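There are 2 protein chains.
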Amino acid sequence: MSNPCVIPTMVQDTLGDGRWMSQHKRIKAECQGKEPDVVLIGDSIVSFLSLQPIWNELFAPLHCLNCGIGGDRTEHVLWRIKDGIFENIKPKAVVIHIGTNNIDQPPENVAEGVLEVAKLVREVLPETFILVDSLLPRGQTSNPVRLRQDEVNQIVERKLPSIPRTKFLEIGSDLLQSDGTLSHLDAPDYLHFSEAGYRKSFTLVHRELVKILAQAQPHHA
Amino acid sequence: MSNPCVIPTMVQDTLGDGRWMSQHKRIKAECQGKEPDVVLIGDSIVSFLSLQPIWNELFAPLHCLNCGIGGDRTEHVLWRIKDGIFENIKPKAVVIHIGTNNIDQPPENVAEGVLEVAKLVREVLPETFILVDSLLPRGQTSNPVRLRQDEVNQIVERKLPSIPRTKFLEIGSDLLQSDGTLSHLDAPDYLHFSEAGYRKSFTLVHRELVKILAQAQPHHA
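Chains F and B are the protein sequences, given in the same order.
Residues in the first sequence are numbered from 5 upward in steps of one, following the working numbering.
Residues in the second sequence are numbered from 5 upward in steps of one, following the working numbering.
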């Protein structure tokens, strides 16, 4: 049985507002024009990060480009990369945050999709360091989706080291309260994050990027 | 043929993270506990408004409560109201912002859904002033969805006056640039809005609310 999560797929414009292709084309043009040092690619968790103050404070200064598209699944990110969004650029780091929209699939399939994205980034950007974020908790209380996501995270963490110059980053630990609930102050819809929620998770991404960029600097004698 | 937009419907939790019901229950509890002067009800356009500085600056001081749930269609808002979110409260104004997620339906059906929400609010809150926002432009350039939304807006504007103490508010005019495009600076995904985009649209809602609340104040001799 083939796994849909690893088959590069374009999003069909069923409604007729062309939003996905508009975003893809804009992102492709921005990658070519801005020579980013860091690229974040993924779904709405990435896309909406730019709407919060934390983006301008922590990420923009690192010359980060936001390549998130809301609703994207691993197969859509694969299609976008195959279509050339990373052509002719040489970022020092790529952050991959994808998979929560694939969670109607078995965890093995979702993990394979995430790993396929990392492999494709490795292929088109051989020298770039690749960070793969853990999927973040969703739903107010413990629920089947969270358990499936935990499985995805475990598989990705175990298998990612087979791809050189990669690191799996657990970024969700501070989001859960002691009783296991996700606060609406961090995630009003229990999926997307407020500034407070982003600070609890993406500050860890920023910290890791700073380390990677420091190592990537050429040493002048 | 029955119109699905006017049939109160619960969102099914197909994935298993219970997000919709968690939001509904929290909103219901907040309505009972906070005695809001203003309630905004609708979809993600309403829900995500609370994530931006404009909420704390302009809306929170008016004792506004955010009853938006991402992805909601008119039939879902109808279900939530029927389930009693507005029981035992007496807000001075209700802002309705719903319909863009119904846009796979013919404009007549969507408009009927929006009007049905206004009628139900009128029924459960007989003394409250009702504001109905226009649907906001989506898609980067002119497209079939926008044209259908324009039709919805026209029908709602024409028929709303049959419901007492209501006003239709066109709030999207400042969002389109002279060439008809929606800027990614205002709406990065051409659907949801940045702080800049919200300022161009929801400042008009705030202005209207200030007027309504001033009139609603009891006059002391």
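Warning: the hint list may mix true and false statements.
Copies of the same chain look alike in the list, so a pair counts if it fits in one copy or across any two.
Claimed, not checked - In silico SDA-like cross-links for lysine to any residue, where the CA-CA straight-line distance does not exceed 20 Å:
{"#": "1", "residue 1": "32", "residue 2": "188"}
{"#": "2", "residue 1": "204", "residue 2": "185"}
{"#": "3", "residue 1": "29", "residue 2": "145"}
{"#": "4", "residue 1": "204", "residue 2": "57"}
{"#": "5", "residue 1": "38", "residue 2": "189"}
Quick caveat, the hints were computed from the structure, so don't treat them as lab data.
Because the structure is a prediction, the values reported are computed rather than measured.
So, going through the hints one by one against the coordinates:
For a Cα distance limit of 20 Å, the shortest separation of residue 32 from residue 188 across copies, 14 Å, qualifies, whereas the shortest one inside one copy, 34 Å, does not. Proximity of residue 204 and residue 185 under a CA criterion of 20 Å is satisfied intra-copy only: 15 Å inside one chain copy versus 35 Å between copies. For a Cα distance limit of 20 Å, the shortest separation of residue 29 from residue 145 across copies, 13 Å, qualifies, whereas the shortest one inside one copy, 38 Å, does not. Taking CA atoms no more than 20 Å apart as the test, residue 204 paired with residue 57 passes in both settings, with 14 Å inside one copy and 19 Å between copies.
With identical chains, the CA atoms of residue 38 and residue 189 are at most 20 Å apart between copies only, with a shortest distance of 16 Å across copies and 34 Å within one.
When held up to the earlier numbered hints, the structure conflicts with none and fits them all.
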